[in-house]
Amino acid sequence: MSFLNVFSQTGKAEKTISIQFSNLSLQAALNRFEQASGYTFFYDAAQVNLQQTVSMDVKQATVSKAVTELLKSTGLGFEIVNLQITLFNKKSTAAQQKKEVRVTGVVSDDTGEPVIGANVLVQGTTIGAITDIDGRYMLNVPEGSTLVISYIGYTNREIKVNVAGNYDIRLKEDSEMLNEVVVVGYGTQKKANLTGSVASINADALESRAVASVSAALAGTMPGVTTIQSSGAPGAQSGSITIRGKNSINAASPLVIVDGVPGSMDSIDPNDIESVSVLKDAASSAIYGVQAANGVILVTTKKGKTGQRARVNYSGTVSWASPTARLQFLGAADYAMLYNEAVKNENPNDPYPFSEEDIRKFRDGSDPVGHPDVDWYNEVMKKSALETQHSLSVTGGTDKTSYMASLAYLYQDGLSQDKNYERYNGRINLNSQITDWLAWGLNTSAYRGIDNDGFVTFNELMHHVIRIPPTNPIRDKDGNFVHPGKDNPVAEQGRTGMDRILNQQLNATAYLTLTPLEGLSIKGVYSLRHDYRDRRRFKKDYSYGGQSSGKREGHHNYYNWNWYTSQLLVNYNKSFGKHSFGLLGGIEQVEYTYRYTETSRTGGGNDALTESLNTLDASSQKNNDGGHEIARLSYFGRLQYDYENKYLFEANIRSDASSRFPKENRWGVFPAFSAGWRLSEEAFIKDNAEWINNLKLRLGWGKTGNEELKNTDIYPSVGTYAYNKTMFNHTLSATTYESRYVNPNLKWATVTNYELGLEAGFLNNMLGFELSLYKKRTNDMLLYLPILGVVGMDAPAQNAGSVENKGFDLNIFHNKQVNKDLKYSVNFNVAYVKNEITDMNHTEGVDPDNDKYWRLEGHPIGSFYGYVANGYFNTEDDLKNYPKRTGSEKLGDIKYKDLDGNKKIDSADRQVIGQNFPSWTAGLNLAATYKDFDFSMLWQGAFDVDAYYTMEAAYSFFNSGKVLKRHLDRWTPQNHNASYPRLTLGSKINYSTSSFWLQDASYVRLKNISLGYNLPKRFLDKIGFERMKLYVAGENLITFSGLEGLDPESPSDTRGNFYSNVKKVTIGLKMTF
Amino acid sequence: MKIRNILYAIAFMMPALTSCVDLERYPLEELSDVTYWKEPKDAEMAVSDLYRSLPYWDVDDAINSDDAVHGIKWAAGNISIGVYDPSDFSWSDNYSAIRKANTVFAKIDNITGYNTADKNKVLGQAHFFRAFQYFTLIRQFGDVPYTDSPLNLSDQDGVKRMPRDEVYAKMMTDFDKAVEYLPVNWSAAEYGRVTKGAAMAMKSRAALYYNKWDVAAEYAKKVIDSGVYSLYDKENTGKYQELFWEKADGCDEFILVRQFKESENSWYLIGWEAFPTKGWGGINPTQSLVDAFEDIEGSPIAQSKIYNEKKPFENRDPRLEVNVLHDGEVMYGVNIKVAPLKSSGVTGIGQHGDATATGYYQQKWLDPSIEPSSKGWDMGKDAVVIRYAEMLLTYAEAKNELSPLDPSAFDAVNQVRKRVGMPELQNTDASKPTYCGTQDALRQRIRNEWRVEFALEGGKRQWDIRRWGIAKEVLNAPFLGLKYKLVDSSSAVDGDGGKICILYEGENIKLTGSKYEDHNYLYPIPQSERDLNSNLTQNPGYPN
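Chains as they are written, first to last, in our numbering: chain A, 1 to 1073; chain R, 1 to 544.
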């Protein structure tokens, strides 16, 4: 028999395993064995009695010894081929007496290369062979048999053999996509069987990213997940995430679940991440009920594997970060020249403040104290800031226990002297199978982040930098700092004191899993998450230039947040023939408490004692404390059913109660239904269109809830009286006032979601796409509808208004193994969302928080609203004939379109002029490996989005400040084709909200590029390493955008006083041993 | 084995199935309906909160009159130039205070065993504040919605404007109740609460605003005759300026104040108003205000024999120096120079973003004991809501209208003049510049007395010019600053470009552009309110 070859093949280096159990069914035993060993069993169910019980206890045995032990009482024989163990009934094999035919053939892969060592087996028997070095096999088989050809990494092929002959077989590479398991709400699921819209990335995607936060790493990787990273500040290089458009005027963030319990994304070391799943539609997210309206992000951290040897991983990077953009201010001579012009524009009778002589001196630098030319930005900001990251982890497991432990350190220097950030992370994930029916586990993590800044914080310092004119000297002739009536940012550097925020988190989740019956598991989870913040500010006496900095101040603030989560999850999986069922039932309770203490003193003190308030004036002390609590109780369930892996159906339901709502409206029920049809499993495709590997149609409907109330509305259903103070006899006396108008009808906002999806893979999944079309409608939004001032109270939240999001997500992939050395993949994603406020309940109008944004039916949330600029008043005729807004317009001021044609520019001439959230987002990921090198590139872009630049970032001499490069191209009687109106000092005539100041903020940027070199195996073997990789990478290196001086991801209504986004160049090292 | 496992499973699930999180949560930092309005203290604390609605920042309103403009190149206030629209206005704060008062009326009877005397004191304060808020509202907006109970959201559609005269009548009833219920004096620990005198004074102010001369005179007289209040430094020992400093807190001239104390409950008047860079140079007096002060003999400067326009600050009503900080004075150790030249330093016209727009800085309120650049932002001086001098001038004005040239009118206005050493007005000696031979002559002198006595106490002038009907006239006149001229000189200081500046000669600094019209006598009804309720009509002259 040909089995003899088999043994010779597996004779080398067999791994050893330890395994122990007693009285398990053979089926369960085989599962256990598979888990422990990494081998897979093959058998014919008709020949093998799976219900018989077996026991075994081996230590450090070879696999073949262990299998012998396992099967000793069963009468079964076995063969081991690669990682497959074939079982056969010793008695019945000889009974096969059908007529035999001889078959031969060559097994090759999709590139035509022969596959060596492929397993060719007659279905239902143990007759089989292994292909040789040329991919050739030869076999005598019973007539009418079916051959099953299998090889690791390839999908099995079946072929019917009726006559003797040559059967060449081409194997298709097994698409990872189909067997990929993704994390879903309260469980995992095979991606192939998903009926909801779930996007996920795994650790590989984070491999060469020098990002400090998970949210930043998501940018551009998933369609429909819009990440905006507006700041590059140390400790804040994270992004805001919006899933498929904004669901409500009170924009809220997605729910973040880490390892099954409420968590936060940006306190995790990215090296610890195993996968991130984003639940985009109601079918996948309704299991999270009232918190799911904005989508759910599930973060899973790395775990060890039982029976795996300890592996130590190190990852380290060094990066240099520098701003992606900066406002370009003019130097002193240009400033003086334009200042003269602006003074004349304001009042032609005023004398020129700067003489020709002054301007000459500014230009030639001959009088550095009297006529300086200070580039304040360069004086204060470093060229680049250093960042380093180190992460060390150990994973492994014994036969019963698996573990992962990690430690990480991050240091990010800032662009200003006082600004930097340090972070420490630690994590231990443990899992242990105590008996065959009981397991326990523990996930613990700790994080500590220290954000250092001066008392004058970076943003204030930046504000001072962008306000102070270049004609102000830094120091006088004696070398002392000057205070020219404006804060001198150089004098403030390193001298103002501190503003230090310490954030800590401790998270411990313990769980027990019982498996009382086959297919039934009961999991109990208890989790405690404790977040702590300590913010200390100390203002030193940093008086300079004759200006007192005022009294010293100390502020110590402490904040505590606790989440207590308990869950009971019951899972039952059962298959009958072609029917498979999965049932989940669960109870979850979350209790959340928040407490704070804020203390301060002013006056007295000593600059050397910045950590204590005790030396400051005790009579000035102030303190505040308080907090709030929220409790939630939820029941949820899920039913999954599939027929032959072909017809998929899923139903989810969650019922939530929250302490935030009035008793009568407390419970909300959120159902979701979805179905999938895997057309590719149908015979008509399988048999006729071999090139289609995967084709699935999905349909979904569901509801999720939204409780996005303000933090001041923790108790919206309780009428309250708050304390305040007033003075009698110059002594403070407590007062009370009615602080909340109670709306007894308040309830959840509801988002109803419709989803249609199509997934496809062609040509061995070399090419494919996933397309989702969706429509979401939010009803009963929790709006703070304006109420009459005559009522005399702040408006309470009321359920009113609707928002609709319609759009699609599309992901197209292509990957190819060109030859043995070269492999590449291309992944392109694009998403479109049309956001529209469909009902404002008669309260259309300005956003109370920002008068540039209006909330208008038929327009998106975040619509800019204003006049439409239409050139300048170029001639006296223009000035006479063209409608004006104020009547005081002069030549060179902005003209606006008279939209209603009433010959006046009034409020009716305003319209929606832009939007602050992109309609289109896209990402393009290119990756290639060649021999030991790997290369990847991630492009990302957002389109149809605008930004409004105002104040220092736009206007000349704003607040007696500077002039920008763009102001050189100002309107003058000679320059009508200008990009800026006539220069002014204080006149605000051109500052009305208009399209003039709005800029298209669409962009395309090279989010990441990396090139890595994996040291060759023979070298690593010598030094005992499993893996070592060196790489260089860049973040945000190239940006195409129409904006001048500002990053396209910067805040969409800005004066420029923030920490710019950064680009980074990184060198990194990864090692495993 | 299976049965055992199931038992384990049940035991395991029991705690989770039986423990239940408590969903009834109550605020930790606030009292709730369940616990409030039970005892007298609750009512007292609720009415105390109304004191937070007393005005204090209205001193800044001087820019809404012809007395001052803003520094920081903001020029005259939009109110005084008539450039504003309905969306710039809100009355929410007034109605919020009215709701607080109405809540006291609605809930106070929930408290059992409340003794009438104490309860009336609370009610008296609530009546006062409600009346005070309606007075503030009708003075600004004319007809306004009136409510005497806390409104529900469902009441909104029924809200409409009540004719001003009806609101006035209801307000007067409230004042009467306040006068009836409030004590003449509170215990020392309660100093600062509204007294009977304060209620009478506010009633008198409200009556004067609507030319109800008899009521105004009657209630001013009651305050005068009560003997509780008197002028500060009425003997003229030279301490008049201290009336505006922190040391005067608690004096008998103050009928109602809003109390402050450094660091505990402070405000930032001096930090805002002081000249640069000690403060933000907030208020700059106009030439018109400077010229309103008589010469020391009691003659208006236009007719003065001793006024020297090149030395305008000599021989003037002493109150001029108290109010106006001018070139050559030293304040907070800074020698004030206003010439528009580099050598003036930061106080010179145009030398600094916060520098004066008129050539003058405000001096009233600049307390030498308060360091402006730090404590000026955290000062403890009380903000005066009504002081006794107002009652004297109210009486004088009302009496002269009821009974022209009544000696008691002369007596009242002269008390105010005497305390600063100004000669008495009279109708006996026509040769003196203080002679007022006709009712109108005395009327004009009293009006001028209002202006100079209450200069830069912004809560007054802007309303006086409206009630006298002269707002359109005085606000449309150009706003002037001091005169100066720049001349070439060999003695010019380095950096001044060969120029020296001669002050009080040449042309006045001039600001124009006012468009004050008849309709501006009333403010527009807030647009945000009209957007929500179409019953709320707009005042005439504003975009509908």
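For the record, the hints were derived by calculation from the structure and aren't laboratory data. There's no promise every hint is true.
Stated by the list, open to error - With a straight-line cut-off of 25 Å between C-alpha atoms, the simulated DSS-like cross-links for lysine-lysine are:
no. : chain 1 : residue 1 : chain 2 : residue 2
1   : R       : K261      : A       : K344
2   : A       : K486      : R       : K41
3   : A       : K884      : R       : K311
4   : R       : K432      : A       : K725
5   : R       : K261      : A       : K551
6   : R       : K342      : A       : K344
7   : R       : K485      : A       : K344
8   : A       : K477      : R       : K342
9   : A       : K486      : R       : K342
10  : R       : K311      : R       : K342
11  : R       : K119      : R       : K38
12  : A       : K725      : R       : K41
13  : A       : K725      : R       : K483
14  : R       : K247      : A       : K551
15  : A       : K65       : A       : K191
16  : R       : K311      : R       : K499
17  : R       : K510      : A       : K988
18  : A       : K890      : R       : K160
19  : R       : K515      : A       : K904
20  : R       : K342      : R       : K499
21  : R       : K121      : R       : K311
22  : R       : K418      : A       : K725
23  : A       : K344      : R       : K483
24  : A       : K400      : A       : K383
25  : R       : K261      : A       : K622
26  : R       : K515      : A       : K725
The structure displayed is predicted, hence computed values, not measured ones.
Verification of the hints:
no., hint, result
1, R:K261 with A:K344, "46 Å, violated"
2, A:K486 with R:K41, "49 Å, violated"
3, A:K884 with R:K311, "45 Å, violated"
4, R:K432 with A:K725, "54 Å, violated"
5, R:K261 with A:K551, "17 Å, holds"
6, R:K342 with A:K344, "18 Å, holds"
7, R:K485 with A:K344, "18 Å, holds"
8, A:K477 with R:K342, "18 Å, holds"
9, A:K486 with R:K342, "17 Å, holds"
10, R:K311 with R:K342, "23 Å, holds"
11, R:K119 with R:K38, "13 Å, holds"
12, A:K725 with R:K41, "14 Å, holds"
13, A:K725 with R:K483, "48 Å, violated"
14, R:K247 with A:K551, "23 Å, holds"
15, A:K65 with A:K191, "36 Å, violated"
16, R:K311 with R:K499, "21 Å, holds"
17, R:K510 with A:K988, "20 Å, holds"
18, A:K890 with R:K160, "43 Å, violated"
19, R:K515 with A:K904, "18 Å, holds"
20, R:K342 with R:K499, "10 Å, holds"
21, R:K121 with R:K311, "55 Å, violated"
22, R:K418 with A:K725, "40 Å, violated"
23, A:K344 with R:K483, "21 Å, holds"
24, A:K400 with A:K383, "53 Å, violated"
25, R:K261 with A:K622, "14 Å, holds"
26, R:K515 with A:K725, "42 Å, violated"
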